[in-house]
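Residues in the sequence shown are numbered consecutively from 36, following the working numbering.
It cannot be assumed that every hint is accurate.
[Claimed, not checked] Restricting the straight-line Cα-Cα distance to at most 27 Å, the calculated cross-link-like pairs of lysine-lysine (DSSO-like) are:
#, residue 1, residue 2
1, 168, 100
2, 142, 191
3, 37, 109
4, 109, 254
Derived from the structure by calculation, the hints contain no laboratory data.
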Amino acid sequence: MKFAILVFPGSGCDVDMHHAINEVLGEKAAYVWHLDSAELASYDAVLVPGGAAYGDYLRPGALAKGSPAIESLKTFAKTGKPVLGVGNGFQILTEAHILPGALIQNKELKFTSGTSKLAVQNAESTFTSAYEKGQALNIPFAHQYGNYFVDDSTLKTMKANDQIVFTYTDSNDFGSTEKIAGVLNEQGNVLGMMPLPERAIEEIIGSTDGLALFKSILKGWSA
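Hey, can you work out the whole structure from these sequences and the hints?
Pasting the structure below:
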């Protein structure tokens, strides 16, 4: 399976994604610079990594949505192929209206990092079929704008469509609406999440709880 890692100026976790796919999963991932995004069509999945695209000026993801890569990414998403946005990647997907809601500043009003305790709410998606519903996960996080907000009407629609994939089960929810940590688009092929699964794929770094997410993508592709 061929993964594109979409890189913007200021992306910082692209190397982590590259290692996860190439070294741990044994699949193929390549960096795609945002100005070369026409290449996305030749890939099987797109990963939008964390970091600080364009230095997080204005707000995280706000400038990235003006890149020509966004139209290419929207076209790619409409094909039904998987798109995963993590951390700043999630922020970019919401700013581009590829995913519902918005990421605002943590309720603590500062950058924070550590490990999130999550629960899997939807174990039937492209990204979670290798998990069990209700499964407890430990996944690292590192951000200042991880407070997921969504209005009541959209939240109701999301619940009806089973778009809420992960929720926080500890106090590290950053003020997020109903403790939401990860959401899908209506089609179910785009996932955004603030915790960093690519940092939880090897025992040597403390957890392998993120590995099943990537294995789920492979499982769906080979089915």
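Open item on the list: Can you confirm whether the C-alpha distance between residue 168 and residue 100 stays at or below 27 Å?
Closed with: Distance ~33 Å between residue 168 and residue 100 Cα, so the pair is violated.
Open item on the list: Please verify whether residue 37 and residue 109 have alpha carbons no more than 27 Å apart.
Closed with: 18 Å, holds
Task: Hint consistency between residue 109 and residue 254 [alpha-carbon to alpha-carbon, up to 27 Å] - done: Holds, at about 23 Å.
Task: Agreement of residue 142 and residue 191 with the hint, judged by alpha carbon distance not exceeding 27 Å - done: Satisfied, since the Cα-Cα distance of roughly 23 Å is no more than 27 Å.
Hint compliance for this structure: hint 1 alone is broken.
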